[in-house]
Amino acid sequence: AAGVIQSPRHLIKEKRETATLKCYPIPRHDTVYWYQQGPGQDPQFLISFYEKMQSDKGSIPDRFSAQQFSDYHSELNMSSLELGDSALYFCASSLRGRDRPSERTQYFGPGTRLLVL
Amino acid sequence: AQSVTQPDIHITVSEGASLELRCNYSYGATPYLFWYVQSPGQGLQLLLKYFSGDTLVQGIKGFEAEFKRSQSSFNLRKPSVHWSDAAEYFCAVPRLSSNTGKLIFGQGTTLQVKP
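Quick note, the sequences are listed as chains E and C, same order.
For the first sequence, my numbering gives the first residue as 6, with consecutive numbering after it.
For the second sequence, my numbering gives the first residue as 21, with consecutive numbering after it.
If you're looking for bench data, these hints aren't it; they were derived computationally from the structure.
Even glycine gets a Cβ: it sits at the ideal position worked out from N, Cα and C.
Any given hint might turn out to be false.
What the hints assert, rightly or not - Computed, partial: chain C to chain E, Cβ under 10 Å:
no., residue
1, 54
2, 110
3, 121
4, 127
5, 132
Using the sequences and the hints, build the whole thing.
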């Protein structure tokens with residue numbers, strides 16, 4: 006079965022540079038979520054999109070922005086990178102359907118490992 | 021506030037031994053509960069989920085979990101651990117105040133399997 010695709014899988018950037026992470030959800034899934042997992046930490050929710058509109062927002066820095074496109078893929082743009090942005094960034098997707106929000110199962114991609122030097 | 025607690029940061033078991041990973045949640049109503057596994061350098065894979073009904077749920081890779089309302093727990097079990105089960109395990113609940121069901125994760129339990 007098709008899974009969530011993330012690219013690139015690994016990314017090395019210098020401080021103050023920009024980075025763009027891409028996420029391709031499972032076909033027919035309409036909701037995309039972004040999470041950040043720091044070293045030794047649990048994943049923390051950043052932002053989510055449904056039907057190209059931002060649907061929820063977590064602890065996402067102002068330096069970060071994201072969007073969802075008409076083909077449902079999403080991009081997380083990170084500017085003025087800091088050392089503390091080094092983390093594993095996960096994308097997850099779900100199908101909204103008629104389920105209540107809590108009932109939607111999120112399927113995660115393999116993550117993009119970002120290292121900021 | 022909603023929270024998920026995994027009391028054991030690190031567990032070591034021998035291959036072939038049984039396993040139980042603990043997860044406690046804080047919320048009055050019946051929550052929706054998930055267990056995910058993260059192998060080294062890999063993404064999060066869904067092991068199983070509980071929404072309602074039978075309190076004992078079966079998942080992939082021979083795992084099961086039991087929801088116990090009286091103990092606010094959703095412990096993950098496996099009768100016989102394989103070396104390939106060595107990974108980090110996360111319990112998660114969706115934030116009920118969210119309109120998207122964003123997940124709140126526990127701190128994770130790292131499982132080490134001895135030969």
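Hint-by-hint comparison with the structure:
This hint holds: residue 54 of chain C has a C-beta 8 Å from the nearest C-beta of chain E, less than the 10 Å allowed. Because the smallest distance between the Cβ of residue 110 of chain C and any Cβ of chain E comes to about 6 Å, under 10 Å, the interface hint for this residue holds. With a least beta-carbon distance of about 4 Å to chain E, the hint placing residue 121 of chain C at the interface is held under the 10 Å criterion. A hinted interface residue such as residue 127 of chain C counts as satisfied when its beta carbon comes closer than 10 Å to some beta carbon of chain E; here the least separation is about 5 Å, so the hint holds.
About 15 Å separates the beta-carbon of residue 132 of chain C from the nearest beta-carbon of chain E, more than 10 Å, and the hint is not met.
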